[in-house]
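Novice: Sequence:
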Amino acid sequence: AAEKDTTIGGGANGYLGLILTAAEYKNTIAPGTPFVTPIFPGNQPIIPAGATAAQITKIVRMHTKLMRQWKECRNVDATLKKQLINSVDEIYIQSLRNRMNGYANVTARTMLYQPSHPTLWTHATPRHDCQH
Numbered sequence: 001a002a003e004k005d006t007t008i009g010g011g012a013n014g015y016l017g018l019i020l021t022a023a024e025y026k027n028t029i030a031p032g033t034p035f036v037t038p039i040f041p042g043n044q045p046i047i048p049a050g051a052t053a054a055q056i057t058k059i060v061r062m063h064t065k066l067m068r069q070w071k072e073c074r075n076v077d078a079t080l081k082k083q084l085i086n087s088v089d090e091i092y093i094q095s096l097r098n099r100m101n102g103y104a105n106v107t108a109r110t111m112l113y114q115p116s117h118p119t120l121w122t123h124a125t126p127r128h129d130c131q132h
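Going by the working numbering, the first residue of the sequence shown is number 1, and it counts up by one from there.
For the record, the hints were derived by calculation from the structure and aren't laboratory data. Source: prediction; values computed, not measured. Glycine is no exception: its CB is placed at the ideal position from the N, C-alpha and C atoms. Accuracy of the hints is not assured; some may be wrong.
Taking lysine-lysine and the DSS-like style, the derived pairs with C-alpha atoms no more than 25 angstroms apart in a straight line are [claimed, not checked]:
1. K4 x K82
2. K71 x K82
3. K58 x K71
4. K65 x K4
5. K71 x K26
6. K26 x K4
7. K4 x K71
Computed Cβ-Cβ distance ranges for the label pairs, DEER-style [said to hold, decoys possible]:
8. A49 x A78: 35 to 45 angstroms
9. I39 x R61: 14 to 24 angstroms
10. A49 x D89: 54 to 64 angstroms
11. S87 x I39: 21 to 31 angstroms
12. G50 x R97: 46 to 56 angstroms
13. R97 x A51: 43 to 53 angstroms
14. T110 x N27: 17 to 27 angstroms
Taking the hints into account, I'd like the entire structure generated from these sequences.
Specialist: As structure tokens, this is what we get:
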């Protein structure tokens, strides 16, 4: 997570903010600089009635930037989830799996800090068939 560059959360720590709690990130990784996970900016930019060409251009550019950040953050989280799923026996994370959509609505952070298994990573054993 730290190896992938981003400007979110100060920019110096990559996407560590996706897996650390807000307190961990703020207090130990980047004091005073929170990692705010991007939210979906909508499919289309919202252009107010009567906006000038310059205003529309600015709004469209900002929407494009926000969409790019959101997609990249989502892709990094999906990659981290895939690594976690492939690294541990499913018994340790199966309580998070939805029978209809699997782990689609679960973040990597949730997998790491799931309340049903607060000591997950002290008891989990790596899968031997996993390539590192």
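Novice: It remains to establish, for every hint, whether it holds in the given structure.
Specialist: Hints, one by one, checked against the model:
Simply put, K4 and K82 have alpha-carbon atoms about 16 angstroms apart, close enough for the 25 angstroms limit, and the pair holds. Annotation: proposed proximity of K71 to K82 holds, straight-line Cα distance about 16 angstroms (limit 25 angstroms). Straight-line distance between C-alpha atoms of K58 and K71 comes to about 20 angstroms, which keeps the hinted pair within the 25 angstroms bound. A C-alpha spacing of about 17 angstroms is found between K65 and K4, which places the hinted pair at or below 25 angstroms, so the restraint holds.
Restraint check for K71 and K26: the C-alpha separation of about 23 angstroms stays at or below 25 angstroms, so the hint holds. As the CA atoms of K26 and K4 are separated by approximately 19 angstroms, the hinted pair is consistent with the 25 angstroms bound. For the proposed pair K4 and K71, the alpha carbon gap of about 14 angstroms is at most 25 angstroms, so the pair holds. The hinted window of 35 to 45 angstroms between A49 and A78 holds, with their beta carbons roughly 37 angstroms apart.
At roughly 18 angstroms, the beta carbons of I39 and R61 sit within the given window of 14 to 24 angstroms. At about 56 angstroms, the beta-carbon gap between A49 and D89 stays in the expected band of 54 to 64 angstroms. Between S87 and I39 the C-beta distance comes to about 28 angstroms, which sits within the given range of 21 to 31 angstroms. At about 49 angstroms, the beta-carbon gap between G50 and R97 stays in the expected band of 46 to 56 angstroms.
For R97 paired with A51, a C-beta distance near 45 angstroms keeps the hint of 43 to 53 angstroms intact. For the hinted restraint 17 to 27 angstroms between T110 and N27, the CB-CB distance of approximately 20 angstroms keeps it satisfied.
In terms of the numbered hints stated before, the structure departs from none.
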